[in-house]
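Colleague: The chain contents come next:
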Amino acid sequence: MGRVRTFSRRAFLVGSASIAGGVAFGVFKVNTPYPNPLAENLADGEVTFNPWVLIDGNKVTLITPHADKGQGVMSMQAALIAEELDIEFGQFETSFGDPSPAYWNTAMADEAAPFMATDQGRTAEAARTVIASLVKLLGMQGTGGSTAVPDSYVKLRQAGAMARETLKRAASEMTGVSVGQLTTSGGAVHLPDGRTLNYTELAQAASGADPVLRVDLRAPSEWRMIGKPMQRLDILAKSMGTQAYGIDARVEGMVHATVKTNPRQGGMLNGYDAEAAKAMPGVLKIVPISNGVAVVASNTWYAFQAAEAIGFDWGPAPYPAGQDQHWETLSASFSDKHLDSNWRDDGDVEAALGRGEAISAEYRSPYVAHAPMEPLNAIVRVTDAMVEVWTGHQMPTVLQRAVAGVTGHKPSQVRFHNAFIGGSFGHRLEAEYLVQAAQVAVQMKGVPVKMTYSREEDFAHDFPRHISMGRATGTVAGGRVEAIDLQIAAPSVVQSQMGRAGLSPPGPDPQIAAGSWNNPYAVPNFRMRAYRAPPLAPVSSWRSVGAPGAGFFFDSFLDELIHAAGADPMAERIRLMRHDVSRKVLEAVAEMSSWGGELAPNQGRGVAFVESFGVPTAEVVEVTDTEHGIRIDRVWVACDVGQIVDPVNFENLVQGGAVFGLGHAMNCEITYSDGMAEQVNYFDAEAMRMPQCPEIFVKGLENGPKIRGIGEPPVPPAAPALANAIFAATGQRIREMPFSRHVGFV
Amino acid sequence: MKITVNGNRHELDVSPDMPLLWVLRDELNVTGPKYGCGVAQCGACMVHVDGEAVLSCQMPVGDLEGEVITIEGLGTPEALHVVQQAWVEQQVAQCGYCQSGQIMQAAALLQENPDPSDAEIDEAMSGNLCRCGTYPRIRTAVKTASASMRRA
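Chains A and B are the protein sequences, given in the same order.
Its first residue numbered 1, the first sequence is counted upward by one per residue in my numbering.
Its first residue numbered 1, the second sequence is counted upward by one per residue in my numbering.
Only chain A is shown next, with the shape it has when bound in the complex (with noise of 0.2 Å):
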């Protein structure tokens, strides 16, 4: 990659994304912009400007396409929108809009690049330009990955300012007075002599205008809305139990099912007996898909009812049967073979582990469900025009083109009704519930079916966190850090679920690493090892992917480094830290949470950093030792994502994020017997309940110099900085999640 700097910016750029994309491109289909989908099917006296903006005589729309799973996004997205158009919330009315390659994710680059999130020098940023382009020309909307924000942050204010300063065109044209005379707020355009025009009255007259498409967005001392509390637009629905979701969509002569495949992922179905389920009260059908049968009914309940009563013969599982030799396997792949990639090599890890006495110790993080509150649904109708689809789904283009896959029909012809989601985690990526309840609509032409997964049958067939194993080697030396060898050996959660939308991703996954290497200290001797186990079960993304355990397996064996070598695990992790925004980050949650105060003789606090999504983010846990286990007492959490959009969310969003990570690091995980997940239920994997929740405090801080999300980042220093708490308060060093496995939390 050294020798790109000899080629101009854009030669690199088309000509390395041809190379990736196998199709040769031009500079001119890279830079052309896509069509305007709302262009497509405007109604009389609807005028659109971008693919963000459509306004009539009676109201104006904000397309908001990135899918809201709780995360605020489609509040998010219209703030940013609004805070251009001089548009003030309840003005508005939003909707996801239909999938459109125009929704292209222009951040989803920043983490498939195989760079760390903290190197902007020029290799990195022209690597990340070539992986966008790509993105683009696949034309790939989607939401995940932390992105939503980054990929908003500019070009829906630009849409917001096209939109606005296109409407004073029109207002000019129409009144004769010149543009810079007018003014623009409240969703209206207002004259020098009082008079206003509402943006619905310019409609028309905006409908014949030119386009404005240079615009110049406002800078930050003008803005009214960005980094200034909000109330997010769907808070009042969620309050009142009127926010509809995927789940409580209802379509005019619908159907309940529900269905039942093989619990060993993946695995035939060799025969069933559904006789006595036929005859069950309101049961109108039942029919075979693949691995396994879908019960149609009257009402969801008379269907889980009627599949409950279906006696099945279940083929094995394509992976092994039980989880001893899924952990066998990935202890078998420390080995050159398996070798995915040498992600870091600083100083000489060889030597330095020669010099002194070496300290090793070997992790695990588990299988992890999604287990979102809002099980698996989706309503299908299946005509011989078209499809529509009713549900919430991160990824439009993957839904379509899975539905189509089953019935026959061209992605374009499946219209999908994005929907909000009652918590996804990275569930509402996978398309396998899509193609179950289109394989059911598709035997019931005409019939809109809703299909809903029982809490059970969502475990059953989670897509869970892949399970990983680290292996570490360090020495200290003069009361610092002095060396780490990191190998970090699990199954490709790339691989796996890109595998499913039919893509074989090149290059090693980033993913096995993740939250590990890419810290930015100054470790004297550093190397971090990833080795690609074969095939497991089937994994996917779940919150922060890869970093919540690879980051567990680097923070707590630095923290293990720190205590041998006798120094305080705060002021060793700021001396190592060489990045200056992480530097404050670590410096901010020492701050705020007193570090080195006085503490009870049977409490503990415990540090960790991990950056992810490249978000640097420290958290520090406090415990105490009671007689009824480990209690959490408090969490300080200091992260830097350049800008936060709305204080109030962000502060909502890290406080989950802490929960998420400490209550999975507490009691969860899945293991396999006989091919399926033991886990049947939130009782055998229940995270944190309210009486384990410690008072959290958040500090975001905006000195970096990229906007990020905060969606995913708060997840992975949890678990560290709970281990290392524990240590301190107990003297237990807990090198595998669930920690339950070791000690009682009360």
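For the record, the hints were derived by calculation from the structure and aren't laboratory data.
Among the hints, erroneous ones may be present.
[Stated by the list, open to error] Each computed DMTMM-like pair below joins lysine to aspartate or glutamate, with the alpha-carbon atoms no more than 25 Å apart:
1) A:Lys278 with A:Glu308
2) A:Lys59 with B:Glu78
3) A:Lys285 with B:Asp17
4) A:Lys699 with B:Asp13
5) A:Lys285 with B:Asp13
6) A:Lys445 with B:Asp17
7) A:Lys59 with A:Glu88
8) A:Lys706 with A:Glu308
9) B:Lys143 with A:Asp633
10) A:Lys278 with B:Glu89
11) B:Lys143 with A:Glu695
12) B:Lys143 with A:Glu308
13) A:Lys278 with B:Asp17
14) A:Lys228 with B:Asp13
15) A:Lys285 with B:Glu89
16) A:Lys278 with B:Asp13
Since the structure of chain A is provided, determine the placement of chain B on it from the hints.
Modeller: Structure of chain B alone, referenced to chain A:
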């Protein structure tokens, strides 16, 4: 079979074993109460029956005695229930899927005990799971609602 939900009388023709939750959701299109677990583990389906907090997934409709109030019957956008008002003020919700149940549980708690201690709040809310982790805000919102009830 007849039941009363949010003041409306309904005639039903379903199996008496059917849990109230599925009568509400699929028969009556009252979707505020949510299906989360079906086994009394998450609290998302909580409603009030004659003022008592009840897990509607555990209540066979044939055994129902009393009037059902769901979150839809608790307040209106113009006249929010004091608990809903606190939920809006504290901006509790993330995905919001569990919040119907959280609000119904909190309303039942405050009805019985208008000034609960932290421990009493934790205890009362312990059956309501929130996967997004909004617990710190739920705790604050219950206290906010409690304070405004005592002011009123």
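Colleague: Does each hint fit the structure? Answer for all of them.
Modeller: Hints, verified against the model:
1. With a C-alpha separation of about 12 Å, the suggested pairing of Lys278 of chain A with Glu308 of chain A holds against the 25 Å cut-off.
2. At roughly 23 Å between alpha-carbon atoms, Lys59 of chain A and Glu78 of chain B fall within 25 Å of each other, so this suggested pair holds.
3. This hinted pair checks out: Lys285 of chain A and Asp17 of chain B have alpha carbons roughly 21 Å apart, not beyond 25 Å.
4. The straight-line distance between the Cα atoms of Lys699 of chain A and Asp13 of chain B is roughly 55 Å, outside the 25 Å bound, and the hint therefore fails.
5. Simply put, Lys285 of chain A and Asp13 of chain B have alpha-carbon atoms about 20 Å apart, close enough for the 25 Å limit, and the pair holds.
6. Annotation: proposed proximity of Lys445 of chain A to Asp17 of chain B is violated, straight-line Cα distance about 31 Å (limit 25 Å).
7. Under the criterion of a C-alpha separation no larger than 25 Å, the hint pairing Lys59 of chain A with Glu88 of chain A is consistent with the structure, at around 13 Å.
8. Restraint check: the Cα-Cα separation between Lys706 of chain A and Glu308 of chain A comes to about 51 Å, which exceeds 25 Å; the hinted pair is violated.
9. A C-alpha spacing of about 19 Å is found between Lys143 of chain B and Asp633 of chain A, which places the hinted pair at or below 25 Å, so the restraint holds.
10. Using a Cα cut-off of 25 Å, the hinted pair Lys278 of chain A and Glu89 of chain B is violated, with the two alpha carbons roughly 50 Å apart.
11. Distance hint between Lys143 of chain B and Glu695 of chain A is fulfilled; the C-alpha atoms sit about 15 Å from each other, no more than 25 Å.
12. This hinted pair does not check out: Lys143 of chain B and Glu308 of chain A have alpha carbons roughly 43 Å apart, beyond 25 Å.
13. This hinted pair checks out: Lys278 of chain A and Asp17 of chain B have alpha carbons roughly 18 Å apart, not beyond 25 Å.
14. For the hint pairing Lys228 of chain A with Asp13 of chain B, the CA-to-CA distance comes to about 52 Å; that exceeds 25 Å, so the pair is violated.
15. Proposed proximity of Lys285 of chain A and Glu89 of chain B is contradicted: the alpha carbons are some 47 Å apart, above 25 Å.
16. This hinted pair checks out: Lys278 of chain A and Asp13 of chain B have alpha carbons roughly 19 Å apart, not beyond 25 Å.
In summary, the structure is inconsistent with hints 4, 6, 8, 10, 12, 14, 15 from the numbered list given earlier, while agreeing with the others.
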